[in-house]
Structures are given as structure tokens and as C-alpha cells.
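Engineer: Residue numbers (our numbering), protein chains in the order written: chain A, 538 to 781; chain B, 15 to 188.
Treat the hints with care, as some may be off.
To be verified - If you want the footprint, here are the derived chain B segments under chain A, 3+ residues with CB under 8 Å:
#1 34-45
#2 114-122
#3 138-146
#4 151-165
#5 174-181
Unchecked claim - Keeping only pairs whose Cα atoms sit at most 27 Å apart, straight-line, the calculated DSS-like set for lysine-lysine is:
#6 A/649 - A/695
#7 A/738 - B/151
#8 B/89 - B/18
#9 A/738 - B/112
#10 A/738 - A/754
#11 B/173 - B/112
#12 A/738 - B/150
#13 A/754 - B/173
#14 B/18 - B/78
#15 A/738 - B/173
I should point out that these hints are in silico values taken from the structure, not numbers from a laboratory.
Note that beta-carbon positions come from the ideal geometry of N, C-alpha and C, so glycine has one too.
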Amino acid sequence: MSELVRLSDITKVYQGGVTGAVNGVSLTVEEGEFTAVMGPSGSGKSTLLNLIAGLDRPTSGSVSVAGSDLGRMSEAALARFRRDRVGFVFQFFHLLPNLTALENVLIPAQLKSTTSAEASGRELLDQLGIAEVADRYPAKLSGGQQQRVAIARALINKPSLLLADEPTGALDTRSGDQVMELLMELHRSGQTILLVTHDAKLATRYAARVISVLDGKIVDDARLETAERAAADVIRVRGEEARP
Amino acid sequence: MSLKYGLLGLLVEEPLHGYEVKNRFEAMLGGTWEVNIGQVYTTLQRLERDGLVRPAGERGDRGKLLYEISDSGRKALNEWLAQPESGPQELREDIYVKLLLAARLANGDLGPLLSRQKRAYLQRLRDLNQLEARAKKDGRTDLARLVRGALLHTEADIKWIDELSETGISGESE
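One chain only, chain B, in its complex shape (with noise of 0.2 Å):
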């Protein structure tokens, strides 16, 4: 979904070309998401099938198509931007499986899985450290917003990891 409005909101700012709108979308994302053309493609043909975005006269060099936003395309972007977040939580990392399944297997030592995990958690947090530092001085303030959500999010697990452990969690699911 949320590449699908991505890019309906870049042809926001201008017509553009799928190449160009692939590039704008991966230089907004700070090359957090890597986006296949193809799919930039199909994305824009399906967009272009609903009415939300139309061509922009005909084929210019190479065959190259100019996208821009219809009416309806900026109703519904708009719409998508006033729609809070608000589906379930998605964890999606391994360690939530792992988690319960080594409570069952390790009859409820989970000590060595919650350190390695922690330390693996640090060093996400140093590494984020480092891109909210980058982001800055390259003067990207919106991509250092984005870098300090993950850093806190980081730190929540953190903090889950450091609960696990002081209450030493068993490995009973009653």
C-alpha cells in the first residue's frame, strides 16, 4: 500500500517518468527500501487503471511515459494520509517465534538466546545511531525522524529483553 501512494504522492509535485519516480521514491526513503522498477511499473499501470493517475501526452524518448495525478488520485492520497495507522501490531522479527519455542524446547532457560539477542539489539542501536548522525549532517531531517522511530522502537526491545530477563520468565505457558 504504501508504495502504491508513494509514488501517487511524488506525481503530486510533478508529471513524472516511472524511472524518475522510482529514483524520487528510493531517495526519499534515504535507500531504506529498494524498489523494483518493475514493480514501480505495475504499480503505476494498476494506479493508471483506477483513474488515479493518467499520462501525460504521448511517448516521448524511448517510449518513455509521463504519469501524473488525476482528481481522484489526489482525493485518494488524501484520504490515506488523514487514515491513522491503526490495523494490529505487526511483529515481524523471528525472535518473537524463537521466543516461544525455545520456552517449550529449553525448558524455560531462555538466558543465552535473551543475551545474544540483546547484544544483537545494541548493535542495531549503534548502527542507528550512526544513520541518525549521517541523516542530520546531510541535512535530511525527515529521513532522521524516521531513524530515531526505529531507534526507539530498538529500545523498547531492549527493554522487553532486560524485563524477560530480570523476571526470568519460565518456560509454562499457564
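Just chain A, with the same shape it has in the complex (with noise of 0.2 Å):
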């Protein structure tokens, strides 16, 4: 595997509060990851995801992804590394209400290119299970469909990382299990994904390495096991045992 994300020493201080700064953070993903930043409102996990994805710059120390120092970009090419390289999908979908399912998977690739790709975005549809709705507009759409339109929509430039805010966060149980599967199988297919939640049942069940974060500083970096366990090596129930 190769490293996909590189953050040396990151800093951010916002003016007037403290709420989401960051303080001292260094980590690396490797490609084909599926991480999980993990940690309570404020403490600063949505602020990485955002200098990671290059829509904040960090007061001090460096962000490179995929071999590129974000620091050095001028807005106009951090605008086309995010357009290329980074697949965003926020808690509420941020779908723009007067384009169709389509139209909105379509807006990353036709800022990238006049070539249409209508087709290529069909086929994502298809794939995240609701080519049905394609020609429907957000409003007329569940919440779990919204949230399938906008991975298609971070899906269609084919970027080399997935950044999800926490993407069931706004669904129901159900429809929220169905968006994180999907996840789960397009980090089978090779994705790097990194994921942000306060949820610690959802971090574990899907990725296999779950950073915590707290004031704005990593407190633990864990790599769990994936190896099946058998029952009794998990769970024990008993009661009150029998005397002999």
C-alpha cells in the first residue's frame, strides 16, 4: 500500500473560539484504507476532514495528499484538486434542489470536462441501487436515496479519496445501514474512505482502524483486528451458576 494522505504537525486556530481547532496533528492513511476519525462535537474531526479535503488551509504544518503539498496551491488549483481528487458526502446531502438525481451526480464531471458524462452517471446510479430516480428531483426523494445520489455525485470523477461527514447522520436506522453498506463495498473495490462520526458502534462495524480525537488532538490510533471470533470468545452470558 502507498500513502494516500500525509499531515505533518497540522495547526488550526480559529479566531474567537476554540470550538473545532486543531492542535498538533500528524497521521498518514495508505490507499485502500477505511479510517474512522472518531470524537465528540468540537473536537475537531470535522476541521481534518476539511484541511485533508483542502477546504480549510491548517495555520501551520503541511497537508499533502496523494503526493501533492496542498499548501502550495493556488486557490484555483486547490478548487481542481478537490474537483478530481476528493469525493465529498456530508450528513445532509447538500443536493441542489432545482437539478435532478442526474444533473447533480453530473456537476463535478462537467466542471472537469465538456465530454458528457450522462452514461457514467446512469451506471452509478444503477449501481447504488436507485436508477429509478434518476430524472426525479431531490425533493421528491427519501432521505436514503438523497444520500445514494450524493455518493454518486463524490463518486463520478472517480476520486482517489471518499470523505464522509457523517454520512447516516441525518437518515433512519435502516436507510442509514444501507448508505454505509455501500460504503463498505466500494472500500472492497479498492476506495480509500475516510469516515467522521461520534458513533462508535458505526466506526467499528465498518472500518478497521479508528482514530480518536479530542481537543483538537489524536488521542489513540487503534488498528483492530478483523479475524472472526467465535461467540463464547466475545460474549458470555451467565447467570448464577448451579452449586455442585
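If you follow the hints, you should be able to join the two separate chains into one complex; please do so.
Structural biologist: Printed below as a string of C-alpha cells:
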């Protein structure tokens, strides 16, 4: 595996408040990893994601993704980087209401090239199980469908890195599970994924690496064992035992 | 207690030999509780002594005895099922004692203890997640429910560790 993301001694200070600040974080992510970043609200976990995505610049330290140092990029180069290399999935979908599902999916492709990506867009929607809603407007879609449209939009330019910030936060359990299963399938086919969540159940279910963030610092970086264990090695149900 | 009533409950379905009732009990628990056959026989004998089960017919093949539930057995079982669990909460894991002791011995610096414990809980969560997925795949929704309970408990354990880490608790007991 080769290194995809490298944060070196990143600090991000926000004027007038400490919420979301990041303080001396170093971190690398390998290609193909499914990593969860976990922490309470205000811990700085979303800030980290925004720095990796080139949506925000650090106060000090450097961010490099796929070998490019984001700090050296002009605003225009950074915009191209975001368009071509990073896919985003947010908690509240962020679809444009006056465009159909398919048109939403195609936005990043249209910004990149004049060649029509309609066929790829339809194929992606099909892969995500929502081919039939391609021509509908977001208001006519369920939350789970909207999030799948957002995932298709994030994938249309074949990004090196898929960033998901609480992608199930606005969904009911069932739709949330479906969305996460989709991300897991993408991961199995090689997609590098960085998931931000406050939910430890969710993080450990999908990610083999769980990074805990607290007060702008990484307090733990756990690579979990993935081998299946026998039930008795995981849970023991035991009442009061009969005396011999 | 739960072994006693577990066996009793399985005998409601049909009369069973000691071995059968052991196997069914373990299958019901999905491998999360292995019972000693001797313990099963002792329990059945005690149930018989108390009139809650009785032998059904004579000893059969190789001296195996079939047990069936009695009317007072059914009554006792129903009372047990209707009774909520209201005893004190049992905190059986070593971490509770470790925490108290480390607070005294390590001058209140619990950081390393807490982060190692959190990692162990994360691993447990992952294992439980896999177990839940397997139970669902096998159509064992009953087991999946049990595992879900364990998952939520472990999530609470993690929240507790996080809270202790955030507040940076000290060793003082006052």
C-alpha cells in the first residue's frame, strides 16, 4: 500500500473561539484504507476532514494528498484538486434542489470536462440501486435516496479519496445501514475512505482503523483485528451458576 | 438461576433427556454459554426434588431419563419470566477495581489505563458487530438482539472512558 494522505504537525486556530481547533496533528492514511475519525462535537474531527479535503488551510503544518502539497497550491489549483481527487458525502446531502438526481451527480463531471458523463452517471446510480430516480428532483426522494445520489456525485470523477462526514446522521437506522453497506462495498473494491463519526458502533463496524480525536489532538490511533472470533470469545452470558 | 429456568423453559416445548436439554440450551445461547453436563444433571435433579420437573416414563436407551415439566414447574417458570430484574447492577469486570486502585497508586494519572481500556472496548465493539452481522445472516434474530444489548453496553463503557479522559479525573477521593 502506498501513502495517500500525510498531515504533518497540523495546527488550525479559529479566531474568537476554540471549537473545532486542531493542535499539532500528524497522520498518514494508506491507499485502500477505511479509516474512522471519532470524537465528540467540537473535537476538531470535521476540521481535520476539511483540511485533508483542501476546503480549509491549516494555520501551520502541511497537508499532502497523493503526493501533492496542498499548501503550495493556488486557490484555482486547490479547486481542481477538490474536483478531481476528493469525493464528499455530508450529513445533510447538499443536493441542489432545482436539478434532478442525475443532474446533481453530473455537476463535478461537467466542471471537469465537456464530454458528457451521463452514461457513467446513470451507471453509478444503477450500482447504488437508485437508477429509477435519476430524473426525479431531490424533494421527491427519501433521505436514503438523496444520500445515495450524493455518493454517486462524490464518485463521478473517480476520486482517490472519499470523505464522509456523519453520512448517516440524518437517516433512519435502515437507510443509514444501507448507505454504510454501500460505502463498505466501495471500500472492498479498493476505494480509500475516511469516515467522520461520533458513533463508536458505526466506526468499528466498518473501519478497521479508528482514530480518536479529543480537544484538537489525536489521542488514539487503533488498528483493530479483523479476524472473526467465536461467540464465546466475545460474549458470555452467565447467570448464577448451580452449586455442585 | 438462569440455568435452572432456562432448562425448565425448554422442557415446556417437549420432554427431553439431560443431553438434549443441554444441547438445546447451548444452541439457544448461540455459543455464548457452555454448560457442563454434570451441572445440567445436578440442576435437573434439584428441579425434580422441588417438584418442578418429573421423569416421563421409565429409563430408556442406556439408562437415559426423559424429563417433563410439572404444573408447579410451569407456574414457577411464569413467575420467573414475569419478574423484572431488579437486583443491584453487577460490575464484574476488573476495570472497576483497576480504576480505583490506579487512582490511588498512580497519583491520579489514569491516562494510559484509560486509553488501553478504550482500545480494548473498540476491539470488543468490532467483534460484537461481526457477531451481530453473523447472527442476522444466520436468521438468528433472537441472538442478534442479545448481541445488540452487548453492543450498547460496550458503547456506554466507551462513553464512560471518554468522559473520564475528558474530565481528567484525579486520584483524590474527596
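Engineer: For every hint, state whether the structure bears it out.
Structural biologist: Evaluation of the provided hints:
no.	hint	verdict
1	34-45	holds (count 3)
2	114-122	violated (count 0)
3	138-146	holds (count 8)
4	151-165	holds (count 4)
5	174-181	holds (count 3)
6	A/649 - A/695	12 Å, holds
7	A/738 - B/151	19 Å, holds
8	B/89 - B/18	14 Å, holds
9	A/738 - B/112	25 Å, holds
10	A/738 - A/754	21 Å, holds
11	B/173 - B/112	18 Å, holds
12	A/738 - B/150	16 Å, holds
13	A/754 - B/173	18 Å, holds
14	B/18 - B/78	20 Å, holds
15	A/738 - B/173	11 Å, holds
Checked against the numbered hints given earlier, this structure breaks only hint 2.
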